[in-house]
Each structure stands twice: as C-alpha cells, then as structure tokens.
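Based on the sequences and whatever the hints tell you, model everything.
There are 2 protein chains.
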Amino acid sequence: PLGAVHLGEDRARFRVWAPNVGKVELVLQGKVERRIPLEPEANGYHQALVDGIAPGARYHYDLGDGKLRPDPASRLQPEGVHGPSEVVKSFSDHTPGWTGRPLEEYVIYELHVGTFTPEGTFDAAISRLSYLRELGITAVELMPVAAFPGARNWGYDGAYPFAVQASYGGPEGLRRFVDACHSEGIAVILDVVYNHLGPEGTYLADFGPYFASYYHTRWGDALNFDGPHSDEVRRFFIESALHFVTQMGIDALRLDAVNAIVDNSPFSFLEELGEAVHRRASELGRLVHLIAESDDNDPRLVTPTFQGGYGLDGVWNDDVHHALLALLSGERVGHLQDFGLVEQLAKTFRENFAFTGEYSKYRLRRRGRPAASIDPRRLVTFVQNHDQAGNRPRGERISARVSFEKQKLAAAVVLLSPFLPLLFMGEEYGETAPFPYFTSHGDSTLVENVRKGRAKEMARLGYAEEPFDPQDEATFRRAKLDFQLRTTGDHAKLLAWYKELLRARRDIGAFAAEGGRQAVAFEDERLLYVRRW
Amino acid sequence: PLGAVHLGEDRARFRVWAPNVGKVELVLQGKVERRIPLEPEANGYHQALVDGIAPGARYHYDLGDGKLRPDPASRLQPEGVHGPSEVVKSFSDHTPGWTGRPLEEYVIYELHVGTFTPEGTFDAAISRLSYLRELGITAVELMPVAAFPGARNWGYDGAYPFAVQASYGGPEGLRRFVDACHSEGIAVILDVVYNHLGPEGTYLADFGPYFASYYHTRWGDALNFDGPHSDEVRRFFIESALHFVTQMGIDALRLDAVNAIVDNSPFSFLEELGEAVHRRASELGRLVHLIAESDDNDPRLVTPTFQGGYGLDGVWNDDVHHALLALLSGERVGHLQDFGLVEQLAKTFRENFAFTGEYSKYRLRRRGRPAASIDPRRLVTFVQNHDQAGNRPRGERISARVSFEKQKLAAAVVLLSPFLPLLFMGEEYGETAPFPYFTSHGDSTLVENVRKGRAKEMARLGYAEEPFDPQDEATFRRAKLDFQLRTTGDHAKLLAWYKELLRARRDIGAFAAEGGRQAVAFEDERLLYVRRW
Chain A
1 PLGAVHLGED RARFRVWAPN VGKVELVLQG KVERRIPLEP EANGYHQALV
51 DGIAPGARYH YDLGDGKLRP DPASRLQPEG VHGPSEVVKS FSDHTPGWTG
101 RPLEEYVIYE LHVGTFTPEG TFDAAISRLS YLRELGITAV ELMPVAAFPG
151 ARNWGYDGAY PFAVQASYGG PEGLRRFVDA CHSEGIAVIL DVVYNHLGPE
201 GTYLADFGPY FASYYHTRWG DALNFDGPHS DEVRRFFIES ALHFVTQMGI
251 DALRLDAVNA IVDNSPFSFL EELGEAVHRR ASELGRLVHL IAESDDNDPR
301 LVTPTFQGGY GLDGVWNDDV HHALLALLSG ERVGHLQDFG LVEQLAKTFR
351 ENFAFTGEYS KYRLRRRGRP AASIDPRRLV TFVQNHDQAG NRPRGERISA
401 RVSFEKQKLA AAVVLLSPFL PLLFMGEEYG ETAPFPYFTS HGDSTLVENV
451 RKGRAKEMAR LGYAEEPFDP QDEATFRRAK LDFQLRTTGD HAKLLAWYKE
501 LLRARRDIGA FAAEGGRQAV AFEDERLLYV RRW
Chain B
1001 PLGAVHLGED RARFRVWAPN VGKVELVLQG KVERRIPLEP EANGYHQALV
1051 DGIAPGARYH YDLGDGKLRP DPASRLQPEG VHGPSEVVKS FSDHTPGWTG
1101 RPLEEYVIYE LHVGTFTPEG TFDAAISRLS YLRELGITAV ELMPVAAFPG
1151 ARNWGYDGAY PFAVQASYGG PEGLRRFVDA CHSEGIAVIL DVVYNHLGPE
1201 GTYLADFGPY FASYYHTRWG DALNFDGPHS DEVRRFFIES ALHFVTQMGI
1251 DALRLDAVNA IVDNSPFSFL EELGEAVHRR ASELGRLVHL IAESDDNDPR
1301 LVTPTFQGGY GLDGVWNDDV HHALLALLSG ERVGHLQDFG LVEQLAKTFR
1351 ENFAFTGEYS KYRLRRRGRP AASIDPRRLV TFVQNHDQAG NRPRGERISA
1401 RVSFEKQKLA AAVVLLSPFL PLLFMGEEYG ETAPFPYFTS HGDSTLVENV
1451 RKGRAKEMAR LGYAEEPFDP QDEATFRRAK LDFQLRTTGD HAKLLAWYKE
1501 LLRARRDIGA FAAEGGRQAV AFEDERLLYV RRW
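Top line first, the protein sequences correspond to chains A and B.
In this text, residue positions in the first sequence follow this note's numbering: the first is 1, and each later residue adds one.
In this text, residue positions in the second sequence follow this note's numbering: the first is 1001, and each later residue adds one.
BS3-like cross-link-like pairs, simulated, lysine-lysine; straight-line CA separation at most 30 Å: (1) Lys452(A) x Lys480(A); (2) Lys456(A) x Lys1023(B); (3) Lys1408(B) x Lys1480(B); (4) Lys23(A) x Lys1456(B); (5) Lys23(A) x Lys1361(B); (6) Lys1361(B) x Lys1406(B); (7) Lys67(A) x Lys23(A); (8) Lys31(A) x Lys89(A); (9) Lys1067(B) x Lys1031(B); (10) Lys1023(B) x Lys361(A).
Hints in this document: simulated from the structure, not taken from any laboratory.
Structure below.
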C-alpha cells in the first residue's frame, strides 16, 4: 500500500509514487532528525521498511532542491495541510460482527462533522447516533473528511485523499465513529472527491503527473486518469478508497461530481474503482456500495459492466428535488428554471428522471438519457442536501423557503418514494440555521479569489443578495445546528412526521419493496397521483 | 439544412448558426453587391430565402464590427479558405441503381487525391478506377477533402467541414468521382475530421461556441460536444456528415481519431452521429457505414447502443500492423517498441487486438480492452497507411523498409486475415515514392511552427533524420505516385501477387466468411500458424 503503514513492533513501511523525483529521502522528526533514503522501485515508486517507528511519528519527504513535502498518501496532518505527516496505528478490517446493509435499506442522513454538533468532532457526533436510529436512519453520510486547510471547510477543498481531518478527530476518531454507527445498526457512507484536489496544501505535482493539464474542471486542472502514468494515479485514488473501506470500516463511498472526471479511456477509472472495491468487499465478506454523485442522468453509471455500464451501485437523482422545489417554492433561479410542471415530478416516479434527453434552458443543451429500467432503489433523492442549501448566497434551507405544511408534503413525497431518501442534518425537525459556504484558507490571495468567485457565481445564477463571506468564522458558526429546536412547537411536530413516514416506508410492503408504480399529473389542480403496489 | 442550399428557379436558402452574433447580413458579390439581412431563428440560427441566386454565386456573412466571413457550412471555397463561399448546385440523392455494399465485402484502397495522379484531381483519379476494380478493390477511401489552405495538404488541416477542396475539383468533381466509382461497383469512404479544425482559415469562433476551451487536443482546442450550445455544434457536424452521404453519394465515413473527441455526456456525439447517419441511410434505402479511426482498442465503438456501445460499424485495428512491422522490419521506434513477438500477431488473429489491457511502454499506461467477441470484419487492418508512412521524417513506405519477399509476406498476412484489409495507394505494386507530411499554409508563423513541431515530434519518437520540409513544394511532389512502375520487374510481380491474394480472399470460402479461427505462435522459429475454416 501507499503511505506509511505501521506494521507493529515499531516498524513501518513507507511507500510513495514520485516518478518526477530521482531520489526521495524520508525525514523523521524527533529530538534527533533521522534521514532515510527510500529505494526506487519499478514505475516510479519509492519505498523503505524502517525500524524505530511508533504511531505518532511525524515525517516529511525530501524531494531534493529544498523541497520538504508532506506525504501525498498521508493518513493524518496533525499540524495542517502544510505541516508534517503522521504515522498512525493500523486498524482491524471491520467492526466485529458487522457485514454492512443492502443498499435498498439505506435511509441516508447527510451530516457535516464540523457543524453537526457544538464541538464539531466525530466523538461529539457519536452522542447523537441513538437519536438517528430512533428516527429511522440506517446510513449516515459524512461530508468529506480529507484533510483541508484550517478548521472550517465543507470538505471539497481536501488536499490529502487518504487523511482524515485532524480537527475532527483524525483517523482514530473516524474509526470510533464508524464502530459506534455499526453498533446502532447504521452504515457509514463517506463522501470522497476524485475529480480535483483542494487549491491549498496540495504538493502532488512535485511528486508526479497526478494532474492532466489538457483537461480543465471548474475547480482547476483535472486529475490524470487517462494520460501517460495514469495507471499509477488511478492506483493512488483506488488505494485511498480501499483504505477507507478496510482501515476505517466505511460501508459506502459517495463519489463527488463524477461528471467532472474526464477520462477518455476504454477502461474507465470509475469502472476500475468499482471492480477493485467490490472485489475487496467480497474478500472481506461485507457489503460495500459505490454511489456516484452526478446530475447527468446517466443510467450507465449503475449499469453492469457486462452491459456496457460502469458497474456502480447507486447514483444521485437531482430531478426529484428540482421538480418538487420548483412546485413548492415557485423559485426559478439556476437549474430550477427548467422545472415547474407536476408532470415532471410524475415522470420521475414513472421513469426515474424528468430529463431523459430533453433540452435544458439552464444548461443550454439536452440533458440525460432514458433510464426507466434502472431499479429506483439505486437512486438517491432528497428534499434538500448541502448543495441545495449552500449554493445560495445565504445558504437558506428549505425551512426558510417554504411553509411548514409544504415541508411536510415534501418529506412525504421523498420518504415514500421508490427511491433512496437522503435527509440533510436537521431537516427532520426543520432546522433554521442556514448552511452557507465556509472556508478557513491560509492563503490570502486564495481567500480573496474564493470570495469574488462566489459572489460572481451567485450573481450569474440570478441571486440579488451579497453572499456571506466564506472566510468569516461567523459564517461557519451560523451553520451549526440548534439541536434543541427539535423538542419545540412545529419542530417537534415535523420530527414526529418524519419518524412516522420512515416507519411507514419500512413497515408497509408497497413502500418498502420495488413493485409496480404509476403516476399521473393533474397540472391545473397541481395534483400528483401516485399508485404503488 | 445549414449553409446555402440551392432550391432551383434561382432561389436559395441560407442558414447559419451564429449565437454570438446579433445580426448577420448576407453579402452577395456581383457587379452590384447585394446585402440581405438574415432573420434570427430560435437557438442562435439565422436564415433567409433569397431570390436571384444561381449556382456560382459568391458570398460572405457580415457579422458586424467589420467581420466579413466565409460560411462555416460553405460547400466550396473557390478562392481558398480566406475567400468568399460559393453557392453550388444541388445533387440527386444517389447514383441511380446503387445501394452500397455490405461492410464485410470491403477491400479498401486509401488514396490521397492530390498525389494519386499527376493532375491531382478527382477527374484524373477516375481514369484509374477500372485498374482498381481489376485489382479486386471494392471500396476507395479518400483522405480528407474538406477545404484546406493552399493546394497541398494531407487533408487534416481542413477548415470547412462541408466544403470540397476546390483544387481537387470541388463538389461537382467529387460527385463525378463517386458516380464513376459506383459504376465500377466500388464504394466510396470519405475520411472526415470531427476532432479539430485546421489551424488556418477557421472563423467559427466568430460565429459561436464551436470550441470547448476546457479540453485540449494535440491539435488545439477540442470541439464543443458536451458544453452549453453543444446540441447545435453537434448538428453542424452531423449535417456535414449527412450532406456527404446524400448530396455527394458517399457510402461510408472514416471518422478521424475519435479518441481525440472529448465528450463527457450521457448521449455521446458519436452515438448521435451513428443514429442520424443510419436513419438517413435507411430512409434512402442504402447501406452507409461509419468506421472509427482509433488506436484505443475499444470494442464499445462497434458495440450496439442497446448493449452500451456507440453503435458504429467499424473501427481501425492498428495492432496487426504494429505486430507485423515489428517482426518484419525489426524497427522499435515509437509504438513499435511495444511489439516484436509472434504471439502478439497470433493474438490479433484469435482475439482481434494484441493489447487488451496490457501495459504499453510507449503510452506509459495500460492500453485496450478485451474485444474477442467483435466480428473481425468490423476491424480495418493494413500493411501500411498514410500515417504509418508519413509519420516518419522522410515518409518511407514499407517498400523502402523491408525486402520484396517480406512485402509479399505482409500482404498475405493482411489480405488473407479475417479483418477488412486496407491498401495504401501504390502499395500493391511496391510504389517507391515516399509519403512525407506536406502543407501549403499561407500564414508564415504557422509554417514555421509546423516545421518546428514536426522536427520536435520526430526527435521525440527517436528518429535521427531531419524531416523533409512540409511547406516545400518538392516534398509534395516526392509523394506523387510513379504509376508506370506497376508494369516493371518486381513491381509487376508484386501486383500479380496482390491480385491473386484478393482473388483467393473472395473465392475461397474459409477466407471470405467469418468462421472458426485458430492461431499459434512459435517464437523461436518466428512462425505463425493460422487455421481458419
């Protein structure tokens, strides 16, 4: 494996892929600094077996020319993204007795570790797991925990795909959280980002051709999944996925924005990732799922590879949200301009997506592909998620945008749908805190660029308000849940409603199973008739 | 349709896609210049029905700001890529009585119009068609004829995807050539380039977002097949394809370097192109084939769409060439460094490709995907083609690289293989003229860049020689065939051998049909044993 792997008996194996570098030296911190040259292996790898290493040891790689760099496969960055990497202890393969849950049982609760609790740590989140179990949640989805700059970030600026953010509790904290979830019968989905790396603290380009300069994403250069040396770049990310599955005990990966992964090869990175993770799961005797986030409405993501698909297990379904919110809120900003008909919602119930090749005014091109044959229990739907709230200037949740009765209606549509439902933390009791975009970058130019970029993007989408300042700590603090709300007034009523809906979904045969489905729209009456059996 | 369409009775319809432009004016040349404003239509189109237009009328579009531009969908550029466009007459749908040939009957002869004959025109090429028929050729493949700068070009610098190079004879010349081929029972494949446009004479960016700045190919910005407004860009190229099929009577399109088409959408341009062309062919009651050039070894290109493929009809198979040439010539430059084993050639006979996921030292990554289930009569193979000769500093054909007896052996392997054979013009009699890269650009900076770029690329591949100067007219003249050679000495013997092999391929059941096949390599003896039945 890549990175520092502690083997017990004060011994560790260090391995790094650095084809750009002739000679890599391991630099261990301590009262007396130790320097150990790594041995070059085939295909640009460098490795060494080193004695006298206990968990907690901190190190850099010296790439020559004065370049002292953290480990690209660092497990922990105790002093932040620019500091040394830390050797961590090794973990057992998985929680004893736990083998995962079938995807069709998933009722997902998306949470952001930093704002879910006052403390913003894995350990603090553990205290709320029995609440989630009682609510009817069967899977928690963690927004990305890869090490990011500072202590405040949504997670999509992660710079170290193997590392767990130190301020959340690091790898040990994550593993405690995963084990605690499992003991409540709850699976853990981890949101992972394989389409770009954060703009600060990434030193991968010093090591090798991790990036593909000939493709750009909206977040910068794409990762190199199809050019020269791409086999090794793929291995880096696939090993990161396997690390979280085996060492951290993760049950499923949510693959962020797979539509931003550019890969023109006959054997795609996504297919290779799917094969590797499923093979490992089978070896471990556990169920492990791969769920793609994509708004392309592409059924091939969840089509088996022998039928020409990518062979993933699940995929996002944004259309249910868009159709529902356009009807309930009357908003037509951004992607909502393509929606507003009851028939679009009805179509999702019949054919999974509303856009299956129709022209999108928002995208200025056609969108989607027919997907009626996909099992709806492969499609993740929601009343809201972090993006739907956060990609607004002030991060308003649905609770600030539609009435109490409409929130109840929205919940009923999503939770009793044939799709997999995802709740965004606090939604179940009508949390009022917004979820605006926040950062704590260290680079002042980057801070300014992010601020301006956000403002420009919001104006482009058609929002009039000035966005909250992402870098201001107050913006982060606003996003913290006010968990006490759940016991008061309408909040308590909504919570009871969510519980009741989830109970019905679980206990009533027609909701639980994939059976027949029929949906008719009555546009004038703004009525959706759904029959399932 | 796009472009100027002559409707008879001195009337023509002009239509152009120009979403970047508020007002487009048609400017007709003549004793008195006429200016006619086009009417805007939905989605950025502009059109007008104009009287008093006969074929031969020359025109520009005035885009405002002093931008007088040729028509992106020009059918003819009589004064070159920077001059006016010309209205051409309309043609009948196809040669009377001709309905095409099944792909499995194709024995392909690739020719470059400018160097095939002393005159370098379609009309001159017609005089050699009976020779090709007698040789056993059933399909001629024309290197690209889209209008390019100057009078000398391989064709891959075409700037007008609907236009036919004026110096070759323009659309009327091409149509005469196609009809003449059909009367000899020969189908016509046209090489078309949908992965980039030539670096000189392209004004498309003034009209609209034809290019995708976020993807680069080795030839510049990629075309916009998946971004905003990509529906209309696709329509532009698909209409170009349909124009050649219906107006020019073309039987098949060879899609240049489809691996350089970047398209991350669920309904890809290639799939859409295939559907549109096959639908048109079915309406016309003709067989029309789409053959992708790709060295990715991706079977999905010719897999039906309902099985997750792109639904094209044929695809290039470079591996047979590479395996064969590495064995016969001993060369190991460029991609040949991955070859040299008899087993690799044997594998192509058993499983279609030699690389089906193995690591390629040349590409520094794995290459290909298993493809044994593809009908070999969908795969185009060759002893050489324009690239294999021309992408060398001095453009040497195989006749300058291996002995006479080896040329005979190579021909036997390819022509008696289960694959579709392609001959490069003159190969059948051992033509000695090289086929070096040549241009006649008008832009001196571009000339210098191409010169330097070629030299650098050849050095990178490992060739020691200085390349012939692409811009020097002598380089072009060297490439002209010496057709008289075919009647003399070994040349005549080789020609007789090719004829005999093609006769055997046609007449002997085991060669003609797709039946059983077995292939065994004896490495020490350098022996390939092939059994077909």
